[in-house]
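Engineer: Each chain, letter by letter, is given below.
Number of protein chains: 2
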Amino acid sequence: MDISKLVKFGSLNPKSTIPLYRQITTILSDYIKNNTLPSGCKLPPERELAVLLGVSRTTAINAYRQLEEMGLISTRVGSGTYVAEQPKPQPAVRAVPWSQLFTPTPNTQLSSIIRELIAAAADGDTIPLAAGMPDPAFYPFDDFNRLFALQSSRFKSSDLGHIPTEGYLPLRRTLAGLLTERGIDAAVENTMIVSGSQQGLYLVTKLFLEPGDYVIVESPTYLGAIQVFSAANARLLSLPASKRFALDILEDYLIRYRPKLLYMMPTFKNPSGDVMALEERRELLRLAAKHRLVIVEDDPYGELYYEQQPPPSLKALDTYGGVIALGTFSKILFPGLRTGWVVAPDIVINRFAMEKQYIDLHSSNLSQRMLYDYLSAGLLAGHLTLVREQYKKRRDFFAGALKQYCSPYLSFTMPLGGFYFWGTLSQGMLTRQLLHEAAKTGVSFVPGEAFYADNSGNRELRLCFVTHSEARLLEGVKRLGQALQVMAQNSSPASQEHPAITPII
Amino acid sequence: MDISKLVKFGSLNPKSTIPLYRQITTILSDYIKNNTLPSGCKLPPERELAVLLGVSRTTAINAYRQLEEMGLISTRVGSGTYVAEQPKPQPAVRAVPWSQLFTPTPNTQLSSIIRELIAAAADGDTIPLAAGMPDPAFYPFDDFNRLFALQSSRFKSSDLGHIPTEGYLPLRRTLAGLLTERGIDAAVENTMIVSGSQQGLYLVTKLFLEPGDYVIVESPTYLGAIQVFSAANARLLSLPASKRFALDILEDYLIRYRPKLLYMMPTFKNPSGDVMALEERRELLRLAAKHRLVIVEDDPYGELYYEQQPPPSLKALDTYGGVIALGTFSKILFPGLRTGWVVAPDIVINRFAMEKQYIDLHSSNLSQRMLYDYLSAGLLAGHLTLVREQYKKRRDFFAGALKQYCSPYLSFTMPLGGFYFWGTLSQGMLTRQLLHEAAKTGVSFVPGEAFYADNSGNRELRLCFVTHSEARLLEGVKRLGQALQVMAQNSSPASQEHPAITPII
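Residue numbers (this note's numbering), protein chains in the order written: chain A, 1 to 505; chain B, 1 to 505.
No lab work stands behind these hints: they were computed from the structure.
Ideal placement from N, C-alpha and C gives every residue a C-beta, glycine not left out.
Some hints could be false.
Pair by pair, the computed Cβ-Cβ distance ranges are [to be verified]:
hint: 1; chain 1: B; residue 1: R258; chain 2: A; residue 2: K33; range: 24 to 30 angstroms
hint: 2; chain 1: A; residue 1: E307; chain 2: B; residue 2: T26; range: 35 to 41 angstroms
hint: 3; chain 1: A; residue 1: G382; chain 2: B; residue 2: N13; range: 54 to 60 angstroms
hint: 4; chain 1: B; residue 1: L178; chain 2: A; residue 2: G177; range: 51 to 57 angstroms
hint: 5; chain 1: A; residue 1: T105; chain 2: B; residue 2: S469; range: 32 to 38 angstroms
Computed footprint of chain B on chain A, listed as stretches where at least three residues anywhere in the stretch have a Cβ under 8 angstroms from a Cβ of chain B [to be verified]:
hint: 6; stretch: 137–149
hint: 7; stretch: 161–171
With the hints as constraints, model all of the structure from the sequences given.
Structural biologist: Structure (structure tokens):
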């Protein structure tokens, strides 16, 4: 660093009331603070500085001494004078008014509940019955590793470059085949690979929803759907749960609100486990066809049945072409694949791809290639048989434990498939309260309110029964039972169910 | 199928002017058409039908005969009567008015150019100098396969479940270490893994941009950035290219428009290859700090230098905390990883994570885990040395070929790093025209207009020199030269440069 270019002759004023050494100090300290003289930079010896600036050696010495006192330079014996390591700048986050710059925070009631569920699963002491995750013990990672060991499935360069936004073509072909087996008439052009069905849902909002648009959802419904639709500032219309699908209410909504779409999980619904009967599916499709209603059918659990096979999906029964189907491998294989799919008319797929291009160009090739290898090896069917057997055992075990430890406070109906028990607490007991007690006894679940767009469900709760071994499930249910006991003894529920609204003054 | 439940006694009216067999036909054909009697369903023998409905056998026979004529049932000799395979429903896509339901198409000038570039690279005959892709020959897939063969790096269950939205923690730690080596003071909390830097850009728009917001971009700049900002309905302010960074224009923009952010690629800029000098970076940061300007620094090419190492990144020099840095492994390793990163103050990272949760929960664990293994094995530095050497050779070779075959029509300056030559055609020659000629000779490139928010750049073009071997590059340049020759002979450019605007009547 040629310091003479920074501190010029003539920039010092010998006639000033400020002593020369101070003038030098000020100039150099500015250069050090703004990093023009960066830390570690060697400065000229005092004698040389004096000559450069046309000042006395004493002036130069005094200037350096003051800079040293300010902590801006340091002298290493026998080596010279250097710009000192500068103190860290103030935590500079405050300097930019970030929160004023951000777009409005998505208007979701329970904005980060999914992230919290994921985080909770990592907490060692609590038994998490909240998150809907398959048991890692069943992840087919031995199969994945074996496939990798085979030369044939090792990566080729052509697998690792850019691929079309719609997905890795061999995987899309395999997927179209799988779908055909399930009665869905899908050509490759009707399929698209997405980063989990969450991304499929997100793309649906990008494609169809402008702020204020109406979306019909079942009540209760998947909380992730409520969140993503709310974040898009859509207005949610709830179809109340009833013995038969509420066609009359649906038709009323269709006429009065002209909603953009109906979001449905007809098979082993998250959270209630309900299955829509074949005849109800047909009736729904007839009504939908009449009104040209777009139905988004989310089907993550259809292959996980523990009694008879459920009826064909809406997409398989669709004759008017208005059903967009979302699927995923997260629940049947493992979530870390981040690989789901969309089946839709090609005009919809094209627009999905255009939106996805902005989001991430395309999904991970590694996940898609490995999944393709796995499916091509014909390993999925055997895996499904295994997990169906295991999860069915756990379901039966869990039901028994609930009856033993949580009666009479918690009632439920036996799910025929999927991941969840949907429980209802006795009159006067609130799940939010139970959540606090359960945190003390060491078990977690999702309170029912999370699954309602309208704040109802305050006596309901969702319990995932597939993630843990029977021993751990038993311990979880016991802890839940303890929490219920505590609540039953302490509560004066009637007053808490309708808390008075206190004005904020 | 118990047909007696569908066609009830009493639903037939013997007194009607419509013959009984026709009444039966109508009822059954409705049930067949609406799939209540699905194809393949066996119908009762005529005699049984007659008994069931209380009609004569002749009536039953006539009903079946008519249904057979309508193609709705078929009789298999010795087996019985079955509902026939129904004709495929009309291509039902038309039934739902999809395009009326879609949100407005993103308002981008060149909406699908990136997808087209990716597609073009797959065309066997054309030599694609358009897409900015590393040479697959250098993808370190041998290393990836070797890592896989080691037991230690095989998948564990814990790697395949859900992970935090911000990314696989060991990878984030490794990344923070890498960034520190590059002078960026980043704690793990300041980092986030995204699905390619494209997703980083997308998240930036979600976080900061509402329709009508101003964004400053360099001119020319990365076309993907123009697209994603335009899709968010932002207004783009262009900073014209000049010898020195146009600080005065920037300050004018800051005061007049109060833009939400400045998007920059200071190092080996795509497309021009320019590098911003250290002093200019410092000046920019001083001005940015004064105005609390958010700078989004995109740095995909910083490690790919072919002469001396470029100056530290803006993020490394940032003292006011307003720089958000985007990086990616797509250019230095391979695009199929879909793994990039964001470095920003933690308040920004938190909000990024909230938005990303809606989009895909988190990026692929497989990609993140494999990248972590690769980086932990210390393999990146050697790979970078290799590709720097190889790409430098190609750059020099390509420059020589351009001089030999494309002079005097195409001029350029030598890029000091990155992937591209940025060429300018002689006065009166237009790159759009050249694109057509080049399609005939079999070579592709990106026309300059793609990199401008304001339609300028019609004599410029971008050529990627890293993807192919010298032999193929030579052939590509020769073909480009042929196209230039043809254009030079045919064109009467003055009249074409400003085409008259013909009113549309």
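Engineer: Each hint needs a verdict: does it hold in this structure or not?
Structural biologist: Status of each hint after checking the structure:
The hint said 24 to 30 angstroms for the Cβ distance between B/R258 and A/K33, and at roughly 28 angstroms that hint holds. At roughly 37 angstroms, the beta-carbon separation of A/E307 and B/T26 lies within the given 35 to 41 angstroms, and the hint holds. Distance hint check for A/G382 and B/N13: the Cβ-Cβ separation is about 56 angstroms, which falls inside the suggested range of 54 to 60 angstroms. The beta-carbon spacing between B/L178 and A/G177, approximately 42 angstroms, falls outside the hinted interval of 51 to 57 angstroms.
Checked against the hint of 32 to 38 angstroms, the C-beta distance between A/T105 and B/S469 comes to roughly 51 angstroms, which is inconsistent with it. Under a criterion of three residues with beta carbons nearer than 8 angstroms to beta carbons of chain B, the stated coverage of the stretch 137–149 of chain A is upheld, 7 such residues being counted. Coverage of a stretch by a chain is defined here by at least three residues with a beta carbon nearer than 8 angstroms to that chain's beta carbons; for the stretch 161–171 of chain A and chain B the count is 5, and the condition holds.
The structure shown violates the earlier hints numbered 4 and 5.
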